[in-house]
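**Q** Residue numbers (the working numbering): 22 to 448.
Take the hints with a grain of salt, since some may be wrong.
Said to hold, decoys possible - Derived DSS-like pairs (lysine-lysine); straight-line CA-CA distance at most 27 Å:
#1 Lys329 <-> Lys237
#2 Lys438 <-> Lys338
#3 Lys226 <-> Lys153
#4 Lys147 <-> Lys237
#5 Lys329 <-> Lys442
The set of hints was computed from the structure by calculation and includes no laboratory data.
As the structure is a prediction and not an experimental result, all values here were calculated from the model.
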Amino acid sequence: MNEMSKIEDKFLEVAEKLSNQKYLEAIRNAFITILPITVMGGLVSVISSAPVTPHTKNAFLLAWASFVKSNSLILTWINTLTLGAMAIFVCLTITWYLCKHYQISALTPLLLSFFGIMILTAKPTKLTFNQKMVEISYIDGKGLLIGIFVAIATVELYRFLKAKHFGEIHMPESVPASLSNTFASLSTSIVIMTFFSAIFIIFNKNHTTLAQWFTKIITPGLKATDSIWFVLIMTIIISIGWFFGIHNATFWGLMGPIMFINLSANAAANATGHVPPTFLTEATWAYFIQIGGVGCALPLAMLLLLSKSEQMRAVGKMGLIPSFFGISEPITFGLPVMLNPIMFIPAFLAPTVNAILTWLAMSLHLVKKTFAMLSFNMPSIFGSYFATSDFKGPVLIIILVIIDMAIYFPFMKVYEKAQLKEELGTN
22 MNEMSKIEDK FLEVAEKLSN QKYLEAIRNA FITILPITVM GGLVSVISSA PVTPHTKNAF
82 LLAWASFVKS NSLILTWINT LTLGAMAIFV CLTITWYLCK HYQISALTPL LLSFFGIMIL
142 TAKPTKLTFN QKMVEISYID GKGLLIGIFV AIATVELYRF LKAKHFGEIH MPESVPASLS
202 NTFASLSTSI VIMTFFSAIF IIFNKNHTTL AQWFTKIITP GLKATDSIWF VLIMTIIISI
262 GWFFGIHNAT FWGLMGPIMF INLSANAAAN ATGHVPPTFL TEATWAYFIQ IGGVGCALPL
322 AMLLLLSKSE QMRAVGKMGL IPSFFGISEP ITFGLPVMLN PIMFIPAFLA PTVNAILTWL
382 AMSLHLVKKT FAMLSFNMPS IFGSYFATSD FKGPVLIIIL VIIDMAIYFP FMKVYEKAQL
442 KEELGTN
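Build out the structure end to end from the sequences listed, making use of the hints.
**A** What follows is the structure in structure tokens.
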């Protein structure tokens, strides 16, 4: 028990450092904040994906496909300014959260961050008085890491230069505060914009952008994270975290960017009629791997309803509806799964099996890969369809739920036996 306590303390210490690390915290909060943007982008992606084939005869589906065809420009533009502009939204929200952390005014850093992300991701192709053409394909998930860099660099440079009172211009007290603050930040702003401009010039002279060049560099690494092995490692780490009561949001500063980059790539591919290329997205994680929340709480809640133990049945009743909407806390802390050695094994085994079977199904093209993320709280049975536009998605969910229940069943019976002894002893 002493060894277990040491392991728990060490794990909690590492998790606490990750959770409180200012940059990771800002990144995690940014992804949560832009959820309305991703939901809107997901909805448009779903609308744009009419499930028709050359043999489709259903009048509704054909009308749907006709609507998409006649409004493709509108739908694509909305998608471009939601999921297709993730780098901009993430950059601005990280900037805001870092400014909040340092307790500095966010307005000027936000403007500087917007300048930085645009000049380092967008590539001008023709700039004349009456016509401006710019390549913006890297303001999506491909530019996400550049957006994170811009946000951090902007706030840290701004904070450093302001602390040194670099080039401050002091105005008379009669000047309005807004104008006075602008002049006080003038030199600092010019230095930061010059820094981003210098990076732009270097890469522009080489006929590229920082985002385009960096994407080529990290593509092999992203492909490695899109493997089943990376998914399994993260599944195990997050399961261990929940065993000690550490929320999976702690790790979202690390996993979030990877899954958003992949989701953006899949959405872009789907919008142009191509097959989504990547496996690990938020939708795959939420709808197929962690059914009902971390540890696959929904299958467990369904099993608990059949338990002979009054306490376990009560937990099942309390946790069934929340787990249906992806909220696992009532089961995790009510049964509990946390710090429960008996339930720990199936709690990480079920999502692990789900990941393997989902990866196989998508790799063999039995089920389409996900390209839209509507909400973490969307029930898997519905989310699996909307995220793939594939009727086989919900079928796979039903199969996975049955398998998860089979995985949980023997462990649930062992735990039930112990609970029954306690209940009989109390009575």
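**Q** Keeping to a limit of 27 Å between CA atoms, is the pair of Lys438 and Lys338 held or broken?
**A** holds (19 Å)
**Q** Going straight from one Cα to the other, do Lys329 and Lys442 come out at no more than 27 Å?
**A** holds (11 Å)
**Q** Would the pair Lys329 and Lys237 pass a check requiring their Cα atoms to be no farther apart than 27 Å?
**A** violated (57 Å)
**Q** Are the Cα positions of Lys226 and Lys153 separated by 27 Å at most?
**A** holds (19 Å)
**Q** Keeping to a limit of 27 Å between CA atoms, is the pair of Lys147 and Lys237 held or broken?
**A** Answer holds: Lys147 to Lys237 is near 24 Å, not above 27 Å.
Of the hints listed earlier, the one the structure fails to meet is number 1.
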